[in-house]
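Novice: Spelled out, the chains give:
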Amino acid sequence: MTLNWISVGHIDEVPFLGSRVVETNNQDIAVFKTANGTIFALIDRCPHLGGPLSQGIVHGNSVSCPLHNWNISLESGEALGPDEGCTRTIPTEVRKGQIYIGLKENCHKRCVSKG
Amino acid sequence: MKEKLVIIGNGMAGIKALEELLKHTPDKYDITVFGAEPHVNYNRIMLSPVLAGEQTFEDIIINDQSWYDDNDITLYTSEKIVDIRRSEKMVVSEKGRELPYDKLWLATGSNPIILPIPGNDLPGVITFRDMKDVEEMLSASETYQDAVVIGGGLLGLEAAHGLQLNGMNVTVIHRALSLMERQLDKSAGYLLKSKLEDRGITVLTDADTVELGGNERVEVLKLADGTEIKTDLVVMAVGIYPNVNLAQEAGLECGRGIKVSDRLQTSDPSILAVGECVEHRGLTYGLVSPLYEMGRVLAMNMLGAENDYRGSVTFTKLKVSGIDVFSAGSFADGPDTEDIVFRDARQGTYKRLIISDGKLIGAVLFGDVDEGPWYFQLIKDKDNINDIRDFIIFGQSLAMGVETVDPLVAVTALSDEAEICGCNGVCKAAIIDSIKSNCLSSVDEVRSHTKASASCGSCTGLVEQLLKFALGDSFETSTVKSMCECTEYTHEDVRRLILLKKLKEIPQVMQELHWKTPNGCSKCRPALNYYLLCELPGEYIDDNQSRFINERAHANIQKDGTYSVVPRMWGGLTNAKQLRAIADVVEKFEIPTVKMTGGQRIDMLGVKKEDLPAVWKDLNDAGMVSGHAYGKALRTVKTCVGSEWCRFGTQASMSMGIDLEKLTWGSWMPHKFKMAVSGCPRNCAEATIKDFGLVAVDSGWELYVGGNGGMKVRACDLLCKVTTKKEVYEYCQAFVQLYREEAHYLERSAPWIERVGLQHVIEQVVENHERRAELAKKFIYSQQFVQKDPWSERANGNAHSHEYEAMAKLD
Ligand code: SRM
Ligand SMILES: Cc1cc2nc3c(=O)[nH]c(=O)nc-3n(C[C@H](O)[C@H](O)[C@H](O)COP(=O)(O)OP(=O)(O)OC[C@H]3O[C@@H](n4cnc5c(N)ncnc54)[C@H](O)[C@@H]3O)c2cc1C
Ligand code: SF4
Ligand code: FES
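Chains as they are written, first to last, in the numbering used here: chain S, 264 to 378; chain E, 3 to 813.
FYI, nobody ran anything at the bench for these hints, they're computed from the structure.
Watch out, some of these pointers could steer you wrong.
Unchecked claim - Quick list of in silico lysine-lysine cross-link-like pairs, DSS-like style, CA-CA up to 25 Å: (1) E:K619 to E:K590; (2) E:K105 to E:K4; (3) E:K525 to E:K506; (4) E:K811 to S:K367; (5) E:K30 to E:K91; (6) S:K359 to E:K811.
Predicted model only: the values in this text are computed from it and were never measured.
Sequences and hints are given; from them, build the entire structure.
Specialist: Below you can see the structure in the form of structure tokens.
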């Protein structure tokens, strides 16, 4: 499947061990940055009861959901530990400090506004 | 006339034997005890936790002066016996006191070995045996940097751990090739060594100390291979030898120790001996459980029973928090022994069982020691284990065919005779019986009724499990464990180290305290952030990313990802201007729900995150600030109308509530903190289930603490009564500060008080005036940094604006 790579902002706009939200016309996407600067993106919905993962605490390569503290892997989107469930991951790339997320062809053609 | 019993040695073994004797014949003897140390009977084992700062000397006293008084025992402390005149049946003390005896007990313990090397008498060269040594180590740690411990056995490592916790750079010098070689095999010794090195303790094995040098004080230590180590303190922990001088001079038969029969009689029938000073069947002992066993036999024989002591099997546990080591029985390789070994390198666990002739004869456990007591029991029972051999390494529940590995299952499966507390010889059935017949519900109660876990404390976890087993769900376990899986340190350890090492930010804490994960987890990061801000206000560096979303966004997240906004209404009061502003905000931002909270203020629920700064701006303009309804922080101060309006009111509760809220708002806490003020004992503000509550009476204010509504209701304890407003403020500030400094993160004041005891809080806040003033002062100092409205900082776009805006919007 071909992906559409869309630039969503500069890597410095995401705090270390933190995240920013990219709004789309259906689901929000959470863009995370780990302590060593690696960028990950996930659909901003916890597999448990839909908590916004972008609001969680990032540690290692995972995020703890703000609602009931499930731990979600940023790499695979899977719930870690005893919990079960999976959130879709979004491919990311960083080129010259610019973050790109890979979305399926035909949706999200362009970035309409930037916060 | 009563027979005269004289005891030489006021230590652990002699007094334990005396306790046993008194249990059966409270007043058969006229008893006198001589002790060379200046103290009442204390728990020598616990000197390690005292050195580590986990306990105080008061905590480790076993029998205080009133025990001696109540039992009509004459105690001479700081008074050594220098002569036993057997022909006259008389002892003579160094002060010249002469005392006749009918029966004499020798319980003189042992002396630490001092290496016969040059410089061993320099100041700063000490041993680790009594309270005086601990005091010396503690005072050295205040002035000096470097310490060397000679001896990598149990005692030496506990000394090293304690000195390090007190901020010293510690090197352990050990002569053998691996640590604790008498209790541990090489693999476990190696694991132990790397564990200690991970914590920053330097360990040199195969190292022989040949000389100590220095002028005024020890300055350098020299090894046989020529290495020189700079040091300010040398602790020798290289072994002990039974203290037999007195017995020898009196002509009693001695070998390595004072020789005794199975009845614990020396070569003189009127003189008995007990403890480390004893040699029995060619063996001497250096752990309390065999000494206590001797004490029981000795006491029974004094009553005319004919009990024999037959020697003991012992086990060892290291008292270094976070490093679990257990060893029992023998682990030497032999032609007819077989091993079962289990390793998990990632978890850092190692287990080795030694089997001979179908019986378990030894066990070495590292990292996971929960099964230690079970193995110990198997070793003592000497039963054939062939039936369970295949599973024995996985522990009792699996080996015995029980499926889950719930620790509760393990205690359930223990036999009634299983010894839970090795030190005091208390078995499972005795504990269960005592819990049932005395309606006990806490570990402390079990401790005082049965003595189980009262000595080295290593069986506390098991005692808890037994309570749980006996009481069912009504008992909540509270085992003190490490903060989270990222560290081995407990909450207390971390807090102390932050202070000692003056750590200012989270990455530094993780580096210095050897965190196991790269950047912690959602449990430890918020806790660390809090500990830093509490210990070093104004200096520490706050880490917003380590705060839970509510504190990061200064609003409460809701189930649909929107937020709620609760402005402060001081003391539960509001006015037309505020209400109008709230009404306007609700309309302007189409806020779906407006609700009166249980905390006497108004909650606006369902606000979109991006609207938060604008909502706050409008509220700020009407003079309202954040209510911290989202924070581990001061929440609300509820009031009733009080003497300002109410016909029963005795004091002005509304204005008092406002004052208290102005005093304490903004302050971060271990958990949320709520207050209330009632104008009379009818208590309409429910002040007696708050963290801090005031109830007005004619003559002033009653101060209540440690209450909780919530999940487990707890009514407050009365702290004290005061008369003036000024006192109320000071007591409140001091109490809050004490809670801030002592509670674990996420521990409300109610469980904290249950843990430390109300008496402790009274001592700190009520009885000790200087301490109260000091606590209040620290609180006031830290308030200057936090009494800034977080909403206005954000409403003006000055802080963390990225928090509220999407990075991008895609079409
Ligand atoms: C809004 C409010 C309910 C209401 O509509 O009245 C409320 C709402 C919540 N309470 Fe509460 N509590 C509210 C008063 C209380 C009270 C009553 C009081 O303070 O007098 C109690 C019992 C008293 C007490 O705390 O001792 C109370 C005991 C709890 C507890 C249990 C605490 C405990 O120690 O057992 C929790 C859970 C927790 O904190 O872990 C909790 C947690 C919560 C949380 C924060 C749940 C959560 O984690 O999201 C709710 C947030 C709602 C929101 O977004 O605003 N809330 N909560 C009240 C806000 C008061 C305020 O003005 O700030
Ligand atoms: C730091 C430390 C940690 C330890 N940890 C453990 C542990 O975890 N587990 C364990 O089982 N054991 C442990 N031990 C060992 C345990 O403390 C001893 O085995 C126990 O205290 C010995 O008891 P005792 O009565 O024989 O000797 P002591 O407790 O030493 O008592 C002897 C007393 O006799 C006094 N005395 C001696 N001569 C005279 C005299 N002539 N006149 C008057 N008084 C005299 C001494 O001053 C002393 O107070 C530890 C020891 C230390 C020092
Ligand atoms: S009682 Fe439960 S549901 Fe109600 S506000 Fe408190 S936490 Fe939420
Ligand atoms: S919604 Fe994420 S843990 Fe419940």
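Novice: Give a verdict on every hint.
Specialist: Taking the hints in turn, this is what the structure says about them:
For a cut-off of 25 Å, the pair hint linking K619 of chain E to K590 of chain E stands: about 12 Å separates their Cα positions. As the CA atoms of K105 of chain E and K4 of chain E are separated by approximately 11 Å, the hinted pair is consistent with the 25 Å bound. A hinted pair counts as satisfied when its Cα atoms are at most 25 Å apart, and K525 of chain E with K506 of chain E qualifies at roughly 19 Å. For the hint pairing K811 of chain E with K367 of chain S, the CA-to-CA distance comes to about 16 Å; that is within 25 Å, so the pair holds.
Between K30 of chain E and K91 of chain E, the direct Cα distance comes to roughly 19 Å. Compliance with the 25 Å bound is thereby established for this hinted pair. For the hint pairing K359 of chain S with K811 of chain E, the CA-to-CA distance comes to about 21 Å; that is within 25 Å, so the pair holds.
Checked against the numbered hints given earlier, the structure satisfies every one of them.
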